[in-house]
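Novice: Each chain, letter by letter, is given below.
Number of protein chains: 2
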Amino acid sequence: MNAEPFAYFLNTTQRRIEEHESTIRRLSSMRGQYHDAAAFDAQLAVDDAVLYEVYMVERPAEDGELSSGLTILHPGKVGDEYFMTKGHFHAILETGEVYYCLSGRGCMVMETPEGEWHVAQMTPGAVVYVPPRWAHRSVNTSDADDLVFFWVFPANAGHDYGSIERQGFRKRVVSRDGVVTVEDNPRWLPPDER
Amino acid sequence: MNAEPFAYFLNTTQRRIEEHESTIRRLSSMRGQYHDAAAFDAQLAVDDAVLYEVYMVERPAEDGELSSGLTILHPGKVGDEYFMTKGHFHAILETGEVYYCLSGRGCMVMETPEGEWHVAQMTPGAVVYVPPRWAHRSVNTSDADDLVFFWVFPANAGHDYGSIERQGFRKRVVSRDGVVTVEDNPRWLPPDER
Chain A
1 MNAEPFAYFL
11 NTTQRRIEEH
21 ESTIRRLSSM
31 RGQYHDAAAF
41 DAQLAVDDAV
51 LYEVYMVERP
61 AEDGELSSGL
71 TILHPGKVGD
81 EYFMTKGHFH
91 AILETGEVYY
101 CLSGRGCMVM
111 ETPEGEWHVA
121 QMTPGAVVYV
131 PPRWAHRSVN
141 TSDADDLVFF
151 WVFPANAGHD
161 YGSIERQGFR
171 KRVVSRDGVV
181 TVEDNPRWLP
191 PDER
Chain B
1001 MNAEPFAYFL
1011 NTTQRRIEEH
1021 ESTIRRLSSM
1031 RGQYHDAAAF
1041 DAQLAVDDAV
1051 LYEVYMVERP
1061 AEDGELSSGL
1071 TILHPGKVGD
1081 EYFMTKGHFH
1091 AILETGEVYY
1101 CLSGRGCMVM
1111 ETPEGEWHVA
1121 QMTPGAVVYV
1131 PPRWAHRSVN
1141 TSDADDLVFF
1151 WVFPANAGHD
1161 YGSIERQGFR
1171 KRVVSRDGVV
1181 TVEDNPRWLP
1191 PDER
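Chains A and B are the protein sequences, given in the same order. Per the numbering used here, numbering through the first sequence is continuous, rising by one, with the last residue being 194. Per the numbering used here, numbering through the second sequence is continuous, rising by one, with the last residue being 1194.
Hints listed in this document are in silico derivations from the structure and should not be mistaken for laboratory results. Heads up, some of the hints might be wrong.
Stretch by stretch, here's where chain A covers chain B in the computed footprint (C-beta under 8 Å, at least three residues) [stated by the list, open to error]:
# : stretch
1 : 1022-1029
2 : 1054-1064
3 : 1072-1086
4 : 1124-1131
5 : 1158-1171
Listed below are several chain A residues computed to face chain B (Cβ distance under 10 Å; list not exhaustive) [as the list claims (entries may be wrong)]:
#  : residue
6  : Leu44
7  : Ser67
8  : Leu93
9  : Thr95
10 : Asn185
11 : Trp188
C-beta: ideal position from N, C-alpha, C; glycine also.
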């Protein structure tokens, strides 16, 4: 039995995939991820804002299948830290991912289990390759515009959020006097001190 | 040793990947692929035209790695048959591919080793999923514009051109009185008659 080919439509003006539902991530789902806990609590008391939306066109978790989709990451900050996705390793660590930035401005923060790190710029037309073994989180560094990107990854990759939830990424992306700045995350520990 | 993340830039205005070289496919590389051999010979005698260009950002042929790139398929016909790519199965048959159409108008012709076929429309914003086991060929059905698309596939998939070169796809895409038409390919044989 062969799977049937299919097509879907990326509406980049309306920032959605036609005839698909999105998953919405709100501020409340990011507790502990932003460094400034007081700012987080104060913002949440006012509004459990939508930080980002994900349209996932998921395929069976089988070798050779590819899942793809669209992420819309809204602009904003918690304290001085820009809105970002939860970020994850792939459960099958040896799987990569391709990101294609359609609009907005931001970056992809990456790191390996060994503690190497890398930050790639995301601007319209940029394609970022996240090699196998690299955890990844996208960050919207615009003050006004959504960061919108298309992505493809092996459908059997899975998501491992746990290790990132415990201590975050090694690097944080913050605004310092209006300048986008990559800083050390004080909560982060090297692998041999965890 | 972890591979380093990297980025590249898709220039959709200039239709190229910055700082990468393209592979060029000319008419002469498609001998035997178009039904009208006389029209093919007559055209080739005048000009060995560039039919399409491929920018490939290739990764090591290892499970979990993804290759990606850009194809620019120019408009034109050989006889009544629209310009098309060579088309192929993946050498590792059980691997899929994701195509994202950036500009132009065309279609993706697909078939399985068992002879099932499918034709998907390619218009700007359309994402076509080619599941594992489906051979695929793109066709530019515009009279004036390039068909431009971005694609991602497992880096270990490989290409098997041979079976398509022998008899083509089951379906051809031709112009009949100015109308884009999907027709049977008279050279094509079902699997049990090959």
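Novice: Hint by hint, say whether it matches the structure.
Specialist: Hints, verified against the model:
Requiring three or more residues with a Cβ within less than 8 Å of a Cβ of chain A, the coverage given for the stretch 1022-1029 of chain B is violated, as only 0 such residues are present. Evaluation of the coverage hint for the stretch 1054-1064 of chain B: fulfilled, as 5 residues show C-beta separations to chain A shorter than 8 Å, against a requirement of three. Given a C-beta distance limit of less than 8 Å, the hint that chain A covers the stretch 1072-1086 of chain B is violated, as 0 residues qualify and 3 are needed. A count of 7 residues in the stretch 1124-1131 of chain B with a Cβ less than 8 Å from any Cβ of chain A is obtained; the coverage claim is therefore met, three being the minimum.
Residues of the stretch 1158-1171 of chain B lying with their CB closer than 8 Å to a CB of chain A number 0, which falls below the three-residue condition for coverage. The restraint placing A:Leu44 at the interface with chain B is violated, with a minimum CB-CB distance near 32 Å, outside the 10 Å limit. At about 9 Å, the closest approach between the beta carbon of A:Ser67 and any beta carbon in chain B falls short of 10 Å, and the interface hint on this residue holds. For A:Leu93, the shortest C-beta to C-beta distance to chain B is roughly 9 Å, which falls under 10 Å, so the interface hint holds.
Annotation: interface hint on A:Thr95 holds; nearest CB of chain B at approximately 4 Å, less than 10 Å. The beta carbon of A:Asn185 comes no nearer than 18 Å to any beta carbon in chain B, farther than 10 Å, and the hint placing it at the interface is violated. Evaluation of the A:Trp188 hint against chain B yields a violated restraint, the C-beta minimum of about 18 Å exceeding 10 Å.
Hint compliance for this structure: hints 1, 3, 5, 6, 10 and 11 are not met, and every other hint is.
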